[in-house]
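Number of protein chains: 2
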Amino acid sequence: MVEIDVNKVKMAGDYIRYLAIECIERSQSGHPGLPLGCADLGAVLYRYMLRYNPEDGHWLNRDRFILSAGHGSMFLYGLVHSAGYKLGLEDLSAFRQYKSRTPGHPEHEPEIGIETTTGPLGQGFANAVGVAIEGKMMAARFNRDGFPLFDYNVYTIMGDGCTMEGVAYEAASVAGHLGLDNLIAIYDSNDITIDGNTSITLSEDVAKRYEAMGWQVARCDKASDLQDFYSKMKQLVQAKGKPKLLVVRTTIGEGLDKMKGSHKIHGSPAGLDEIVYFLQHSTMRPVAELAYGAEVVDDPARLKDAEAKRIAAKEPPFAHPDATMFVREAWQWNGEIYTKWKKMLEEYKGKFPADYERLMKLTSSAVPASLKEKLLAYKESKPDATRNISGNVLALCCEEMPQIVGGSADLVGSTKATVKGSQYINRDDFRGRNIAFGIREHGMGSIGNGLALNGVLMPFTSTFFTFLDYMKPAVRLAALMKIKHLFVFTHDSIYVGEDGPTHQPIEHLNSLRLVPDLVTFRPANDFETAFAYLYFLECKGPVVILGSRQNMPASAYEVTADRAGLYAEFKKGGYVAWSNGDAPDVILAGTGSEAGLAIDAAKKLAAEGKKVRAVSISSLELLEANQDQKKKLLGDGKTPLVMVEAASHRGMSAFYGSNVTLIDIREFGLSAPAEKVAEHFGFTADKVASRVKVALK
Amino acid sequence: MVEIDVNKVKMAGDYIRYLAIECIERSQSGHPGLPLGCADLGAVLYRYMLRYNPEDGHWLNRDRFILSAGHGSMFLYGLVHSAGYKLGLEDLSAFRQYKSRTPGHPEHEPEIGIETTTGPLGQGFANAVGVAIEGKMMAARFNRDGFPLFDYNVYTIMGDGCTMEGVAYEAASVAGHLGLDNLIAIYDSNDITIDGNTSITLSEDVAKRYEAMGWQVARCDKASDLQDFYSKMKQLVQAKGKPKLLVVRTTIGEGLDKMKGSHKIHGSPAGLDEIVYFLQHSTMRPVAELAYGAEVVDDPARLKDAEAKRIAAKEPPFAHPDATMFVREAWQWNGEIYTKWKKMLEEYKGKFPADYERLMKLTSSAVPASLKEKLLAYKESKPDATRNISGNVLALCCEEMPQIVGGSADLVGSTKATVKGSQYINRDDFRGRNIAFGIREHGMGSIGNGLALNGVLMPFTSTFFTFLDYMKPAVRLAALMKIKHLFVFTHDSIYVGEDGPTHQPIEHLNSLRLVPDLVTFRPANDFETAFAYLYFLECKGPVVILGSRQNMPASAYEVTADRAGLYAEFKKGGYVAWSNGDAPDVILAGTGSEAGLAIDAAKKLAAEGKKVRAVSISSLELLEANQDQKKKLLGDGKTPLVMVEAASHRGMSAFYGSNVTLIDIREFGLSAPAEKVAEHFGFTADKVASRVKVALK
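One line per chain: the protein sequences are P and G, in this order. Position 211 of the first sequence, counted from 1, bears residue number 211 in the numbering used here, the numbering being contiguous throughout. Position 291 of the second sequence, counted from 1, bears residue number 291 in the numbering used here, the numbering being contiguous throughout.
Next up, chain P with everything else stripped away, as it sits in the complex (with noise of 0.2 Å):
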């Protein structure tokens, strides 16, 4: 067992615990609670424990470290500009303000260390048990003898809040299902959480819960003894079978004075007051007298003016070139480790050229030319129910795809999303490609971005559409993160028949049209179906297919247009499906069944003499963003339009036929002080005002 420096590792500790306190002071605004407790435990493992590559933060056989308690970013901050990742200390400076790089919780960016995207609790850990899962299927495709391409080890750091998240235990228990010996969770336990003690709310026995999950656990009860926290992981990461915890009792706010162990540290800054305390009493010292001089930090009054100034200067926080390049020498080792894994490449490609070949083609996202043209060319033999239609095309293309991988939570029977062909993944076997998740919707969606995060796997994930609301946080996510994440919900209306009210989804349809960056398709028939899937292949970022349990319309399938035309109007948003004329009395639009069902009374009123189109939209977010097909599909406002969708647009249709100009929000928000968000995104009253001029020209 290597010997640790346990100095140096507080000396790193305390500058992470400076940078924590001292950006947070300058946004008024953060969580310094999780960084000052764990500063020391993130210098350990950046210092000795994790395989990285600032210069190369996509190196595939990288270990991932995730923060799940994601409030706590300027951990995470202060740790990756430390072990030297691109981010600086104007970046630091500038934590949470508009257009930094450093928002309020860490967002998706692996140049720069910061794996996932986290803050909404729980989801972190989810997402690193999909990663952890990753690194399996890997190493069961890819690793020979001799050459272990893939044996990354995935760390996470989990609070309270994630612990008692239900979706960390749907994860956990997939976890110890699978007995992913790759994932080492770390359990900041601090007994404080934002109301207060957890006494109030937690009287678990966190560490026999994730024993009777499968899970080895350890513990280490003072965070302050590094070494035995060193070594307790090390014991952890060598050990086999089980995905590991190591509980750790840490303190709250440690390193300040009145604050320390205290509720009120987690999401407020400490004040100047602290800053000073810590200054003087901290590893800092010596920073603080070169920058002020000793006098000045001995006492506290002048010292507070000091540091004052300094942050009312926006002068950036101090350099620590000790603590930074101390924690830098993880380089010696790690730039052997790196190079190596680089020349086991190579060598791999000369040994196994056809493997290299198949690792070549799982990193490459490029859609092959040959499904391309299939997808286009998808026919049915006869009209079916679109979730038949997803399993057949989804078939497709996993036959030609093989970083296609996923699963349902137990409605494989149902919603027919599966690897045809391959097996199960399980603990003793990682090859197959089909991921059984159990009836955790939650978890799975989670751990589905997980498998999305690396951009090599294109997962996909299944369950019933009513369940969405499962999972909405992982979709949301997905999309926030722009990932290739295809979700399959079927049973998509009211059509579910006799399971009655609670199984069929009503305000689903819409409910995602309204999420930023996704795209929602609900296909009438076989070639919508392809196209759909086509489009998630092609596109960048996450893709919702829903399927009918029933079968479609005969009418829906008898479009004859070419294809690729076909496919060039259903990636704007929909297509004539059927007419009898140009210059129609009426015009009737609907999306997945009810466009069959538009065809249908659209013959109907045609046969009565109506001159009538029937429209399929394809997705009503990309016909909306693109208004000229709109136009061309749904007429100029004057042609009576008839939508029919069985689903519900309450509230929003008191609209529907106003002459009404919208102000409202298209994107996910971003990290800055609520004054400018309000003012980028244009709600202030002079810019309100300025729009209406507009719309009244």
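Don't take every hint at face value.
One copy or two, it doesn't matter: identical chains are merged, so the pair holds either way.
With a Cα cut of at most 35 Å, we get these calculated DSBU-like pairs of lysine-lysine [as the list claims (entries may be wrong)]:
no.	residue 1	residue 2
1	LYS309	LYS86
2	LYS687	LYS610
3	LYS420	LYS676
4	LYS693	LYS604
5	LYS382	LYS264
6	LYS611	LYS687
7	LYS638	LYS687
8	LYS687	LYS676
9	LYS611	LYS693
10	LYS687	LYS571
11	LYS372	LYS309
12	LYS258	LYS420
No lab work stands behind these hints: they were computed from the structure. Just so you know, these numbers come straight off a predicted model, no measurement behind them.
Once you have looked at the hints, place chain G on chain P.
Coordinates of chain G only, in the frame set by chain P:
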């Protein structure tokens, strides 16, 4: 310990089994697996354990039975029929048919012993935790020495699915923390889920996990040993200090021939051959012989034929007076208990008149006139964030309505949703009105639903609006059940600021509006906040009140009209907040903070000579439902209208300004064959064509 009559229990159990497979065969839809596996256990519960009165489903001190695994609905229907609730064989025979009283999943109807709506897994279990908390709260408030007015127990059956769901974990952890010894969960452990054996997904030691959460756990390794089951249950019921779990090893499809133990029986009809086998080999044989004759029952082919004919003729299932009379023997002891309780209440009234008065007040849902007056007149001294105003208004309501209880998911300090001056409930003292739910949004939502089910307590639950996503399934079920659960979500838009996009709700506002039977308010000022609370207190379903993080614009407070009149407008969806003339050049409308913004912009435009009206929309869905009010506020469609709202309208806004007729869905679905449901909602070609013709007129 009472010896139970095992033979008669099995007879009653077989009748439940028969009803299940027979009615599911009739509807060709349903889940026989659980009813077959658990039938005998159910018979023990309803004959020997549960305290209930089929004539008084609302009896305040009844034991509750909640079938969390709601897909096994025929189990529950068979039991409440056997127990004497007003659910006849004709009702059972119409299982899953249009407008029957026996929908696919149980729907909240205490009159017939259906305590809550279940189906989405884990929800019933979490509801049960809420009902158990209510029991403890009522006991702490009203029980006196010798007067145990409230000592009911809550029983629930959960399957592997419920066990795996995160919401059940969250709720179980709360139950353990609070030591809810009036809660007894039966885990129907049959190793089978829809996709196959649980070995592919679940390798937890569930018992150990529950122990780690503070539960007392016992095991029945053979469900067929009913005396053992009864004894274990009795011991558990009597044990004090912890919630209890009985893990029962059952066999899915028990009683069948080939499908016993198979995942195929989980959710598909057993088929006539299995029904024939069952009638021949179970205690149902004499019943079948009486109907068909022994020689027919002896001959599988003839019996099958007879059954087929009976089903085709839609004759009701067999009555089995011996079985139902046996279960109804429960009335011999339950009647005594019920009468005693009624008498106890009378004596209580005499002996503790003040307490009795308090109980009457608590169980009345009427809004005190004095409170209504205060809410109508409510005024803050200066502009504030609506989350603060909400906290103040809630305090007012709590003062006069003791039935209001609730809490938040570790964000009381932020959402301000608390009963001021009251303590948190804890395992030793349930007199408090505040509940610390921990960082368990989903559990909170479902426990809140449990608290609301009885119609006595009026719970509120609260978190950041962005975390609605974590608890949406509970919000949906509150709407579906039309129960009085107040959701207070704060930090309602981008103005969250520094916490960034993960914490800034964008799509959430409109996604709530889409939910049938739910009203969402986004108040703009003091009186709108007070009105929203008043609306909740007066209405009959769930309400969402959104609160801002930031102060509302001062202009939003300046409306001077009479308050009663304003409230009338508020209830219709909105009011004119500012105007400088009757025939405006432009109408600005907004909600919440943007209502103030609209007023500010209107004033700017007015200063430039424009005639402007600014409208505050209290609830877009209410305004949409009140077309006259909509026209009055938003104009006739000719005056330009500008809608300002810091929320996504993506997708639907494609239709803003179009001449569109919408055929969509505004109610929750229903349980019936798909074609019937489609017809009910107007989704047939004929009905669509008719609507189009109306639109063309």
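Quiz item: Which of the numbered hints above does this structure break?
Solution: 11
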